[in-house]
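This is what each chain is made of:
Protein chains: 4
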Amino acid sequence: MPTILGQNQYGKAENRVVKITRDGDTHHIKDLNVSVALSGDMDDVHYSGSNANVLPTDTTKNTVYAFAKEHGIESAEQFGIHLARHFVSSQEPIHRARIRIEEYSWERIATSDGNSRFIGADEVKHSFVRKGQETRVSQITYDGENWEVISGLKDLTVMNSTNSEFWGYVKDKYTTLKEAYDRILATDVSARWRYNWTSDEQRMPNWEKSYEQARKHMLQAFAETYSLSLQQTLYQMGSRIINSRSEIDEIRFSLPNNHHFLVDLEPFGLKNDNEVYFAADRPYGLIEATVLRDGVEPQIPVDMTNL
Amino acid sequence: MPTILGQNQYGKAENRVVKITRDGDTHHIKDLNVSVALSGDMDDVHYSGSNANVLPTDTTKNTVYAFAKEHGIESAEQFGIHLARHFVSSQEPIHRARIRIEEYSWERIATSDGNSRFIGADEVKHSFVRKGQETRVSQITYDGENWEVISGLKDLTVMNSTNSEFWGYVKDKYTTLKEAYDRILATDVSARWRYNWTSDEQRMPNWEKSYEQARKHMLQAFAETYSLSLQQTLYQMGSRIINSRSEIDEIRFSLPNNHHFLVDLEPFGLKNDNEVYFAADRPYGLIEATVLRDGVEPQIPVDMTNL
Amino acid sequence: MPTILGQNQYGKAENRVVKITRDGDTHHIKDLNVSVALSGDMDDVHYSGSNANVLPTDTTKNTVYAFAKEHGIESAEQFGIHLARHFVSSQEPIHRARIRIEEYSWERIATSDGNSRFIGADEVKHSFVRKGQETRVSQITYDGENWEVISGLKDLTVMNSTNSEFWGYVKDKYTTLKEAYDRILATDVSARWRYNWTSDEQRMPNWEKSYEQARKHMLQAFAETYSLSLQQTLYQMGSRIINSRSEIDEIRFSLPNNHHFLVDLEPFGLKNDNEVYFAADRPYGLIEATVLRDGVEPQIPVDMTNL
Amino acid sequence: MPTILGQNQYGKAENRVVKITRDGDTHHIKDLNVSVALSGDMDDVHYSGSNANVLPTDTTKNTVYAFAKEHGIESAEQFGIHLARHFVSSQEPIHRARIRIEEYSWERIATSDGNSRFIGADEVKHSFVRKGQETRVSQITYDGENWEVISGLKDLTVMNSTNSEFWGYVKDKYTTLKEAYDRILATDVSARWRYNWTSDEQRMPNWEKSYEQARKHMLQAFAETYSLSLQQTLYQMGSRIINSRSEIDEIRFSLPNNHHFLVDLEPFGLKNDNEVYFAADRPYGLIEATVLRDGVEPQIPVDMTNL
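These protein sequence lines are chains A, B, C and D, in that order. Okay, so the first sequence: first residue is 1 according to the working numbering, each after it adds one. Okay, so the second sequence: first residue is 1 according to the working numbering, each after it adds one. Okay, so the third sequence: first residue is 1 according to the working numbering, each after it adds one. Okay, so the fourth sequence: first residue is 1 according to the working numbering, each after it adds one.
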């Protein structure tokens, strides 16, 4: 046979599961989008169409919903660990399971201003508005022995309205850019960090707390860095997380430079003193890099944007 | 000529303007997407291509940016009023101007936890994260005499995890739905409300406060209504606003019923006690209605979704 | 009661129905997205939550699928007519039904080049690739007596690489645009045309042929008009349809001016002789107008873009 | 320093360039979206913010437009080769350049049916409609010595309305799926193939012809395979390309299984004889695999979908 099969994986993608937990009258929501990808002894299904080793993608979907009941959803990471372990442990042909999860956050709707005629205090305990800021993401991979957990977020849009410069760069024959000594720096943060928890023997991180802290450090580093380049800001964001969270060894960012161009108002006899900007769509700068704990091998894939 | 020209309008759409205002070291952001549509004496440009009456769309774009400097952006509505008045007043062939504005909200990034070595208090005064919840919208129309201001929001996703029922409905030969006595009620609120401010003689509403209050009342009505149908909830949301805000006479909603289907776990020997839901994409129920102050003529267009 | 209910409608939106028809070994596809909106005696469900007059949206979904079997899908318009008639005729509280349909086109995959060892001629009769060009749309409304059928298309992207000028326009203090004597003219056509078929007494148009012809005339008018403004081109596109198709009385367009800016290559010592363009995203000009058969009243809603 | 910098790259993404070439009155379009990513000696800009080695992303944008004039756009691949070579050759700190290109196809608008009063034959030579089917993609990487060219396409939606089965799979306690002996098989093809051209010494493939042929073979293999699983169809699509095109050594697919569920019409007394389907959105099966020429090392990254 002149052609052969290479790496392959399959499963049900984007299973939208919402889990309501009742603590008396107070309800809690977990709102996830779960994608399953399984690999293993799958040559036959590709070469001949024999499904003898194939657990249907429909079954992987059913398992997601059943596990939401059987195990609950303590965190996206813990839920993914339950799922990945199950597929690899229960199906001999499956050698590797990768679970990807998006999580959407909700917050409670504030009560009426003490207007007790309309509402009992219990009622608002089940009413929510979606936060709508970043999407939390997680990827859990298990090969029967070792775990890899990569978590992060995407679409967290941030802006510094000053304390950003850009000058001293290379100039070639195609360079027309003017140097900037006070510009807006804005980006949509996409970040993935890898935990050094890899084995059931190790103590598991507190996934919820770790996420909140990594997010906080990243935002603060963005805000507090006087920036000479988006690369410098990126590195500060990453090293702040590595230095603050011992459970995280590696982080990769993909940061578009959301250009805000100062509008030339001189034709209208007006001076634009860093006040009025045009927020551009395309093209945009795109800055991507990995920041690592010294001595650690990088594992997060380089490409967070698609070909 | 067997064919004639009907209603027409033109202008530059989606001008993305970001305005930074400096109050000492504290910066403030207004982040808008402004669309201009002009109507008037425009037969010639359609019939013969004569542009003698046409102010270029490029000029309407320039005007948006120039006005951000000249007038500032106190509120989306006030900014739209400046623009609409300008086009109608300054260009004889233009008889009507309609300004549509989307506004994106930002909040400040919280400071480091008293870690004064890294950061001075001033630095965080220019750092922002986009809120990412609803998009605020506004439409300002002026014909040289009267104003129409319609404001609102879209993509505000809300959910009640209980206190919603649906039963007692019509059953025909195509009806298979089971009655529900405890279901999730979730929707993406799209709402437009019309102000009764129509003339420069009247006292102008406080646009910012009015928006915040209308949004608050709407959310509370959603949370506090024990719902027998999404229509009932919609009506409560609308009447709460009309009753609470004397400056608003009419509101129209377009509310998708974001179905959350209880997953059947019985095949797996599990009982699903209103815990595990599948969040569906399409199809979805779509409930649309206008709520009016009694005695008022409706003006908000019925179609908030496109053909 | 200080607030009252205004116009309202409800139903199941975006029912994705695919119908396969077998003509021997040759299969045919109809691929639709059907949205149902019903109006009528619906005060109670809004005021009190009584569903006594409410046919569930779930039932409207079931009806779409059942009718695909019972009536087949001869055309989107004919299918919508069956549905609208059914809802108004069979349910006393329902006084008006509006069916909106999107249709996606497919074409056959070409056979192997006479390689008869691999494939019998029958096999390719069931293999399709989605055309991917415009989306065909239709809206059928019925009130028990009269019909309104509005059809059209969206997202048909066209470009003339020459024969477009723009000059002789108004210049005010905010005008900086240079006049153009040879520019690219490009747009994404969104068009809706209204048929003058309104009653079961009239002979029904051939919906499929009418669509193909209207589309063809529109494209040819775009290609063949030497344009002094996008408004002029729009009018030519509309009047060509009205003049060529007696079954169509009115058409409305929403045409973004997809700007292609000539890139200034002089800083690099290069002359750009209408060769290299930057295709911009936002902002864009937006030109909207109705073209009517003389003597006819316009009925297509003015707003094809959302507030 | 406890943290270090890992892999990094930067550049301007999504430069939208449209090139018009004039062959007498006949115009030709190339419509590309070009993204530049450069790597090399970039430690300083991350650690200290020194831009001494940084060619601005704005300059990479300018270069894209200048090269469209200087070199023309013979094919996306050839254009990317010019760009990648330039950045690595002309800038000492840049050791690797990766150019990603999306290409949008256009076809000519058909002429009027011999209606010579309205149109000269020359006019339609400059009028185009966007094809709207797949997006062609290409990625060209150069490190100063070797080339890697990966091309392909995305969003090519195909369907077989019969000749697809799925049965004989693993059944565990979470399996409820019924076996299928005649189902619809539909997918949105995303494919990337790698050329074995790696050095300037080798004869370069005919990029345009190679793309057309690879696409044709892939579509035919999809149409002609009697499918027992989407994996089997995928493998046939890949091996058909490898076997037919000696310049291609490896191909990777990401194929969603676009589920079309047969609607249960029995509650309405109707039999659904593989006629009426519900086209589902989420979840969907996702089948991904690499097909290789025997003896070749895989290089295409495994992840074509994002974390």
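Keep in mind the hints are simulated off the structure, nothing from the lab. It is possible that part of the hints are untrue.
Since the list can't tell identical chains apart, any single copy or any two copies may satisfy a pair.
What the hints assert, rightly or not - When the alpha-carbon atoms are kept at most 27 Å apart in a straight line, the in silico DSSO-like pairs for lysine-lysine are as follows:
| hint | residue 1 | residue 2 |
| --- | --- | --- |
| 1 | K154 | K131 |
| 2 | K209 | K131 |
| 3 | K173 | K69 |
| 4 | K131 | K19 |
| 5 | K30 | K271 |
Structure-based check of all given hints:
1. In the homo-oligomer, the alpha carbons of K154 and K131 lie at most 27 Å apart both inside one protomer (14 Å) and across protomers (14 Å), since each shortest distance falls under that limit.
2. Taking the shortest alpha-carbon separations for K209 and K131, both the intra-copy value of 18 Å and the inter-copy value of 21 Å come in at or below 27 Å.
3. Taking the closest pair of Cα atoms, K173 and K69 come within 27 Å of each other only across two copies (15 Å); inside a single copy the shortest separation is 63 Å, beyond that limit.
4. Taking identical chains as interchangeable, the C-alpha atoms of K131 and K19 lie at most 27 Å apart whether they share a chain (17 Å) or sit on different chains (25 Å).
5. In this homomeric assembly, K30 and K271 come within 27 Å of each other (Cα to Cα) only across copies, at 19 Å, whereas the closest approach inside a single copy is 50 Å.
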